[in-house]
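Respectively, the protein sequence lines represent chains Y and L.
Sequential numbering of the first sequence, starting at 1, is according to the UniProt record's numbering.
Sequential numbering of the second sequence, starting at 1, is according to the UniProt record's numbering.
Simulated from the structure, these hints should not be mistaken for laboratory data.
Wrong hints could be hidden among the right ones.
For identical chains, the list gives no copy identity; a pair is met inside one copy or between any two copies.
Stated by the list, open to error - Cross-link-like lysine-lysine pairs, in silico, BS3-like; alpha carbons within 27 angstroms at most:
| no. | residue 1 | residue 2 |
| --- | --- | --- |
| 1 | K52 | K192 |
| 2 | K111 | K53 |
| 3 | K104 | K62 |
| 4 | K221 | K140 |
| 5 | K26 | K144 |
| 6 | K52 | K134 |
| 7 | K145 | K62 |
| 8 | K26 | K77 |
| 9 | K62 | K134 |
| 10 | K40 | K192 |
| 11 | K221 | K207 |
| 12 | K26 | K62 |
| 13 | K140 | K53 |
| 14 | K104 | K134 |
| 15 | K52 | K209 |
| 16 | K104 | K52 |
| 17 | K104 | K221 |
| 18 | K52 | K111 |
| 19 | K221 | K52 |
| 20 | K145 | K192 |
| 21 | K53 | K104 |
| 22 | K134 | K40 |
| 23 | K52 | K140 |
| 24 | K140 | K62 |
| 25 | K192 | K221 |
| 26 | K145 | K40 |
| 27 | K134 | K26 |
2 protein chains.
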Amino acid sequence: MEGDLMLLGVWGSPFVCRVRMVLAMKGIDYVYREDDLMNKSPLLLELNPVHKKVPVLVHHGKPIAESLVIIEYIDEKWPDNPLLPVDPYDRAVARFWARYIDDKVNPAVWKALWSPPGEGREAACEEAYEMLEKLEALLKEGDKKYFGGDNIGYVDIAANFLPHWAILIGEEVTGVRILTEDRFPVLCEWAKNFTGSSIGAAHFPEKEKVVSFFKAMQATKSIPYT
Amino acid sequence: MEGDLMLLGVWGSPFVCRVRMVLAMKGIDYVYREDDLMNKSPLLLELNPVHKKVPVLVHHGKPIAESLVIIEYIDEKWPDNPLLPVDPYDRAVARFWARYIDDKVNPAVWKALWSPPGEGREAACEEAYEMLEKLEALLKEGDKKYFGGDNIGYVDIAANFLPHWAILIGEEVTGVRILTEDRFPVLCEWAKNFTGSSIGAAHFPEKEKVVSFFKAMQATKSIPYT
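Use the sequences and the hints to build the structure in full.
This is the structure:
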């Protein structure tokens, strides 16, 4: 049934990782094709002419871009093991938080991680803390292992930058530690659960590779935004 | 069935207008409550503590924020006259464009509309043109009256800032005309169809009121972003 499914991505992107995780959780077979953001393939430019970004999922020859859009598509097309909640209100809440992560949390955390020492860093960290505190409170209120409940769900997948990239870049590359146990105990516990889960272990890219990649980026001052 | 449905909004917001249009298209009864962005109500802060923005839809006492999230909720909860396409691929495409409008088109057009004369304006307009050209091409390719086909659909609703606010602000307030017939003939025809439709005529706020509002904002240099 899955037939003719191809994912165009790059190994180091949390957005691509989101899609790979969901495809794995659904048990869907697909062909993965690695692109190169420093030298984008004609295929990528053809499939996503608007943003020229990965991931792009191609199903029966038809492309879909934007990770959250792709994930909703997968969840609608392969409805077993639903990733989004089934109840419309709960779905709306999940979409709200996924969008909040994309629009607010990730940009603020990214900015803080790469902020120069001094006042700028302090302000950037404060902003990131403010965003993360809302997620900490949400997770605490839900009182479950994951945002999605006992299992990894849509919001967890949307937040996948935090437990892996944000921690690795902060601890091993820039020294800007944002997600600390004292400040965010619930998120830190969640991060451990997520990275230690079978989906996390199988799909978060190798730590050493991520660290080397961002160290190289740091050295050449070319921080990628994709 | 609709029972206990309240929308918190402000009259001048395209985001609130999106929701009002969809509620009207679905024939759903609701209570509308006007807020004041200059002096936000305790109710707004309670219902949307994360963004503190309108619109907020409250259904059976439970709040939903973010206009596109609200619209998907309405479409799921009242599935007659579906607003999003029924086919999963077409739904994904509609979500992709709605997101593109929110993330790229509207911010670029807004920036251009309020850009100061000179080089800055030229660059801002060029960026807005680039974004709008993609919508012009999409509409041309679809070769229908609306992005949604023969009837107003999800992408049209998402793009509702363009046919009314963008044109009014450009023509009557700042003088930055972006959506011109020579450059965007298909979008201009679409804008006329949209504003002339029964939904447009009933729900776009009064021209004079919009113009006075933004002229006052311009005079006090306090351009609202909501």
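Hint check:
1. K52 with K192: Answer is neither: 33 angstroms inside a copy and 32 angstroms across each miss the 27 angstroms cutoff.
2. K111 with K53: For K111 and K53, both the intra-copy (20 angstroms) and inter-copy (24 angstroms) Cα distances are at most 27 angstroms.
3. K104 with K62: between (30 angstroms within a copy, 23 angstroms between copies)
4. K221 with K140: Neither. Shortest intra-copy (37 angstroms) and inter-copy (41 angstroms) distances fail the 27 angstroms Cα cut-off.
5. K26 with K144: Within one copy only: 22 angstroms inside a chain, 36 angstroms across chains, cut-off 27 angstroms.
6. K52 with K134: between (32 angstroms within a copy, 13 angstroms between copies)
7. K145 with K62: between (36 angstroms within a copy, 24 angstroms between copies)
8. K26 with K77: both (11 angstroms within a copy, 26 angstroms between copies)
9. K62 with K134: The answer is between: 18 angstroms across copies meets 27 angstroms, while 37 angstroms in one copy does not.
10. K40 with K192: neither (34 angstroms within a copy, 39 angstroms between copies)
11. K221 with K207: within (21 angstroms within a copy, 49 angstroms between copies)
12. K26 with K62: Answer is within: at 20 angstroms inside a copy they meet the 27 angstroms cutoff, but 31 angstroms across does not.
13. K140 with K53: Only across copies: K140 and K53 sit 24 angstroms apart there, 34 angstroms inside one copy, limit 27 angstroms.
14. K104 with K134: both (11 angstroms within a copy, 26 angstroms between copies)
15. K52 with K209: within (24 angstroms within a copy, 40 angstroms between copies)
16. K104 with K52: Both. Shortest intra-copy (22 angstroms) and inter-copy (14 angstroms) distances satisfy the 27 angstroms Cα cut-off.
17. K104 with K221: For K104 and K221, the Cα distance is within 27 angstroms both inside one copy (24 angstroms) and across copies (26 angstroms).
18. K52 with K111: both (22 angstroms within a copy, 23 angstroms between copies)
19. K221 with K52: Classified as within; 22 angstroms inside a copy, 36 angstroms across copies.
20. K145 with K192: Cα proximity of K145 and K192: one copy only (10 angstroms, versus 51 angstroms across).
21. K53 with K104: Classified as both: same-chain Cα gap 20 angstroms, cross-chain 14 angstroms, threshold 27 angstroms.
22. K134 with K40: between (36 angstroms within a copy, 20 angstroms between copies)
23. K52 with K140: between (37 angstroms within a copy, 21 angstroms between copies)
24. K140 with K62: between (40 angstroms within a copy, 19 angstroms between copies)
25. K192 with K221: neither (30 angstroms within a copy, 48 angstroms between copies)
26. K145 with K40: neither (38 angstroms within a copy, 35 angstroms between copies)
27. K134 with K26: So K134 and K26 fail the 27 angstroms test inside a copy (29 angstroms) and across (34 angstroms) alike.
Hint compliance for this structure: hints 1, 4, 10, 25, 26, 27 are broken, all remaining hints hold.
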